[in-house]
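Put chain U on the given structure of chain L with help from the hints.
So you can see what is in the structure, the chains are spelled out below.
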Amino acid sequence: MTTNTRAASYTTGSDQKRTIHFPDEHAHRSKGLPAVPNAIIECKDVNVYYNAFRAVTGVDLAFGSKEITALIGPSGCGKSTLLRSLNRMNDLIDGARVEGSVTFQGEDIYHREVDAIEVRRRIGMVFQKPNPFPKSIYDNIAYGPRVIGMKASNMDDLVEEALTRAALWTEVKDKLKQSAFGLSGGQQQRLCIARTIAVKPDVILMDEPCSSLDPIATSRIEDLMYELREDYTIIIVTHNMQQAARVADRTAFFTALASEETGDRTGLLVEYDLTKKIFESPADQRTEDYISGRFG
Amino acid sequence: MSTLTPVGGPALLPGRPAVSLRSTRPRHGESLVRFLLRVAAILTIVITGGILIALLVPSIEFFRTVSVFDFLFGDRWAPRFADASFGVLPLVTATAWTSGIALLVAIPLGLGAAVFLSEYAKPGLRKVLKPVLEILAGIPTVVFGLFALQFVQATVFRGVFDLDTGAFSVLAAGLVMGVMIVPTIASISEDAMSAVPLSMRQGSAALGANRMQTTVRVVFPAALSGIIAAIVLGVSRAVGETMIVAIAAGGQARIVTGPLEQGQTMTGFIANAALGDSRVGSLEYDTLFAVGLLLFLVTLLFNFISIRFVRRFREIY
Numbered sequence: 000m001t002t003n004t005r006a007a008s009y010t011t012g013s014d015q016k017r018t019i020h021f022p023d024e025h026a027h028r029s030k031g032l033p034a035v036p037n038a039i040i041e042c043k044d045v046n047v048y049y050n051a052f053r054a055v056t057g058v059d060l061a062f063g064s065k066e067i068t069a070l071i072g073p074s075g076c077g078k079s080t081l082l083r084s085l086n087r088m089n090d091l092i093d094g095a096r097v098e099g100s101v102t103f104q105g106e107d108i109y110h111r112e113v114d115a116i117e118v119r120r121r122i123g124m125v126f127q128k129p130n131p132f133p134k135s136i137y138d139n140i141a142y143g144p145r146v147i148g149m150k151a152s153n154m155d156d157l158v159e160e161a162l163t164r165a166a167l168w169t170e171v172k173d174k175l176k177q178s179a180f181g182l183s184g185g186q187q188q189r190l191c192i193a194r195t196i197a198v199k200p201d202v203i204l205m206d207e208p209c210s211s212l213d214p215i216a217t218s219r220i221e222d223l224m225y226e227l228r229e230d231y232t233i234i235i236v237t238h239n240m241q242q243a244a245r246v247a248d249r250t251a252f253f254t255a256l257a258s259e260e261t262g263d264r265t266g267l268l269v270e271y272d273l274t275k276k277i278f279e280s281p282a283d284q285r286t287e288d289y290i291s292g293r294f295g
Numbered sequence: 000m001s002t003l004t005p006v007g008g009p010a011l012l013p014g015r016p017a018v019s020l021r022s023t024r025p026r027h028g029e030s031l032v033r034f035l036l037r038v039a040a041i042l043t044i045v046i047t048g049g050i051l052i053a054l055l056v057p058s059i060e061f062f063r064t065v066s067v068f069d070f071l072f073g074d075r076w077a078p079r080f081a082d083a084s085f086g087v088l089p090l091v092t093a094t095a096w097t098s099g100i101a102l103l104v105a106i107p108l109g110l111g112a113a114v115f116l117s118e119y120a121k122p123g124l125r126k127v128l129k130p131v132l133e134i135l136a137g138i139p140t141v142v143f144g145l146f147a148l149q150f151v152q153a154t155v156f157r158g159v160f161d162l163d164t165g166a167f168s169v170l171a172a173g174l175v176m177g178v179m180i181v182p183t184i185a186s187i188s189e190d191a192m193s194a195v196p197l198s199m200r201q202g203s204a205a206l207g208a209n210r211m212q213t214t215v216r217v218v219f220p221a222a223l224s225g226i227i228a229a230i231v232l233g234v235s236r237a238v239g240e241t242m243i244v245a246i247a248a249g250g251q252a253r254i255v256t257g258p259l260e261q262g263q264t265m266t267g268f269i270a271n272a273a274l275g276d277s278r279v280g281s282l283e284y285d286t287l288f289a290v291g292l293l294l295f296l297v298t299l300l301f302n303f304i305s306i307r308f309v310r311r312f313r314e315i316y
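Quick note, the sequences are listed as chains L and U, same order. The numbering of the first sequence is numbering that gives the first Met the number 0, which starts it at 0 and goes up by one. The numbering of the second sequence is numbering that gives the first Met the number 0, which starts it at 0 and goes up by one.
Next comes chain L alone, as it looks inside the complex:
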């Protein structure tokens, strides 16, 4: 990174490599903020580092309120890293650092006076592997409202409401006191979604929420996302392009650049548009290669 012209090989997860050249440090930055009406979260020139290693570079993105936005791309393209920087989950990882600005409803979430805990209360997260707490189903849902001191007149109602919204209530209503670990993987993941809904966030981040689930459980989660979209903004990272095509209003395609010296891969945003546009007439050749299955 000492010269102006930096070479890096471009990979999309397969063995195929091409070398592309950057005229300067920021040439690979995505072209300005995309026009998204009613944006709730905006990223401006976001770079995420793990110590000296840059995992994501120069991302400009805006996420529409009450829309589903999908982040797709090959492994190691930084999409999960970017997702975690949207609610400061990266704070929990030592050496992780975010540069640039991420705003939520116009407020910089990395501002010195902003409380990460408050950010996460407004921007919840569902993880790749279902991670229910080792508690009863009921306590898993009630945990969030309890820790944030939510004024719930009736916790039972709140638990029922969250489980109903997550399409889990009928399956678990007779075993609320049983351990959440007795549920199937798909049920556990819906429990985690219910748990997130219970604290009434504005945005739900989903990091490959279906990657450990079978197709039937996956389809239930997708239906659920579509219903939740009425009230919540959803940002989902997925490896499954069909999933993005099915559920997302907008899709952002990321790819990875491998450094020739170290082999470290840095993610960057290639293209961001309406899902229909991305899948039917992508503007960038790399997007087309990826979605047509030539890579990844």
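Derived from the structure by calculation, the hints contain no laboratory data. Note that the structure is predicted; figures quoted are calculated from it, not measured. Some clues are possibly wrong.
Said to hold, decoys possible - Cβ pair distances, simulated, as ranges:
{"#": "1", "chain 1": "U", "residue 1": "A39", "chain 2": "L", "residue 2": "E159", "range": "42 to 48 Å"}
{"#": "2", "chain 1": "L", "residue 1": "E260", "chain 2": "U", "residue 2": "P196", "range": "33 to 39 Å"}
{"#": "3", "chain 1": "L", "residue 1": "K176", "chain 2": "U", "residue 2": "A166", "range": "54 to 60 Å"}
{"#": "4", "chain 1": "L", "residue 1": "S74", "chain 2": "U", "residue 2": "I304", "range": "58 to 64 Å"}
{"#": "5", "chain 1": "U", "residue 1": "L135", "chain 2": "L", "residue 2": "D230", "range": "51 to 57 Å"}
{"#": "6", "chain 1": "U", "residue 1": "I134", "chain 2": "L", "residue 2": "E106", "range": "45 to 51 Å"}
{"#": "7", "chain 1": "L", "residue 1": "Y225", "chain 2": "U", "residue 2": "L124", "range": "42 to 48 Å"}
{"#": "8", "chain 1": "U", "residue 1": "E60", "chain 2": "L", "residue 2": "K174", "range": "54 to 60 Å"}
{"#": "9", "chain 1": "L", "residue 1": "K43", "chain 2": "U", "residue 2": "I304", "range": "43 to 49 Å"}
Don't be surprised by glycine CBs; every beta carbon is placed ideally from N, CA and C.
Relative to chain L, chain U alone:
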């Protein structure tokens, strides 16, 4: 299929070696290792059983002379006097005082250190702090005993605070014993808490929980069985600790009613009496084993209670 030959017989086809699924040579090394491992496993059980028998036989002899009731509930311990009395309560009260004080020190400090190391300390700091803590566990208890006697009791209690106490006290012994036990409790609970998957903490954080809430409500319950194991080990060490109490708690067996009194603990008595010249087979000799058996049963009881407790409250992840 008449061309098939017995296994290990001549080649099936010309030019191809015979194929056999049977071992071509005996694996002596593996048999030897398996034998040695089995011996090791059996030996531990045999030795434990042997110790138990060695405790039981003289104890039974003892209880032929002294009734169990008099032993457990008598309040005068004078095995060497002419009018001998074998009420073990004075020893039990001294042990209860020293262990109780030690645990009051060790449990909060140990758990606090564990929470700090596992949930708050940066990895670099943890890498330095944990070994330092474990060095504390490597200090010989006789050094702790001297420290309790010379510094805590003599210099601090009598010198600085001018407390109304003699040369020995259960408080000095208990406090120092507590410090000695801290690393045991801290280290084992820290291991248990570190073993809780990071995904649990992330899930909690994503709901807007702060670090303390995550620690108390998610990590702690998930690590409970390990934490209880740590505390039980701490209790066992406190009840069984000998050198510190033998040096600093005192040598007279009297019922202890306050922390500044001296008192002989069960272990203290055994250490003192075992050094004496009690004849094998004498009542005094058997007394040692009766007290030893009681110690053993007390620790066994604590282990048993904790297993029940853990089964009841454990949260499996």
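Checklist entry - So which hints don't hold here, by number, going up? => result 1, 4 and 9
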